[in-house]
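Colleague: Sequence:
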Amino acid sequence: MACQPSDLPRLLVLSPAIPETNFAGSLLLYRLLTGYPRERLCCVGPAPHPKSQLLEASYRTLRPGSFSRLKLTRAAKLTRSFESLGLLGRIPPRAIWEAVGPFPPDVVLSVMERLDYCEAAMAVSQKR
Numbered sequence: 042m043a044c045q046p047s048d049l050p051r052l053l054v055l056s057p058a059i060p061e062t063n064f065a066g067s068l069l070l071y072r073l074l075t076g077y078p079r080e081r082l083c084c085v086g087p088a089p090h091p092k093s094q095l096l097e098a099s100y101r102t103l104r105p106g107s108f109s110r111l112k113l114t115r116a117a118k119l120t121r122s123f124e125s126l127g128l129l130g131r132i133p134p135r136a137i138w139e140a141v142g143p144f145p146p147d148v149v150l151s152v153m154e155r156l157d158y159c160e161a162a163m164a165v166s167q168k169r
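Counting the sequence shown from 1 gives a position; our numbering is that position plus 41.
In short, the hints are calculated from the structure, not lab data.
Among these hints, one or two may not hold up.
[Claimed, not checked] The calculated label-pair distances, taken between Cβ atoms and stated as ranges, are: (1) Arg115 to Asp147: 23 to 29 Å; (2) Pro46 to Arg135: 30 to 36 Å; (3) Arg104 to Pro50: 38 to 44 Å; (4) Ser125 to Pro78: 24 to 30 Å; (5) Asp48 to Ala117: 21 to 27 Å; (6) Lys118 to Arg72: 31 to 37 Å; (7) Glu97 to Ala136: 24 to 30 Å; (8) Leu95 to Leu126: 35 to 41 Å; (9) Pro145 to Leu119: 34 to 40 Å; (10) Pro91 to Pro133: 23 to 29 Å; (11) Ser99 to Cys159: 20 to 26 Å; (12) Glu139 to Pro78: 23 to 29 Å; (13) Ser93 to Pro46: 23 to 29 Å; (14) Met153 to Lys118: 18 to 24 Å.
In this text, a Cβ means the ideal position worked out from N, Cα and C, and glycines have one as well.
Build the full structure now, drawing on both the sequences and the hints.
Modeller: Structure follows, in structure tokens:
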């Protein structure tokens, strides 16, 4: 008996690695989710690379927290310490909810690469 698209969970990919073909981790997600029904898949994260191929799904951009640029400076080691204490690096809840929109996920998938996205995925999971 074949699986029907309506049998699959509504999947929200809320992650710094979104399904696209330009980066290694993103490529794995792309291959894993190829063929997933477009109406049951929503991808929220950074803007896709312009040269990437994308899935037939809804892609929404989530802007990182205001201090995320510090991670690219010599102060990066300090930012990790401040993040672990919860003092910076969080994505504002309003930005998360605007990006996710009305999509009602059954499952939230996040690649554990950045704490701000993991916390955002956890917040959506707990709320929905």
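Colleague: Mind listing which of the numbered hints don't hold for this structure, in increasing order?
Modeller: 1, 3, 4, 5
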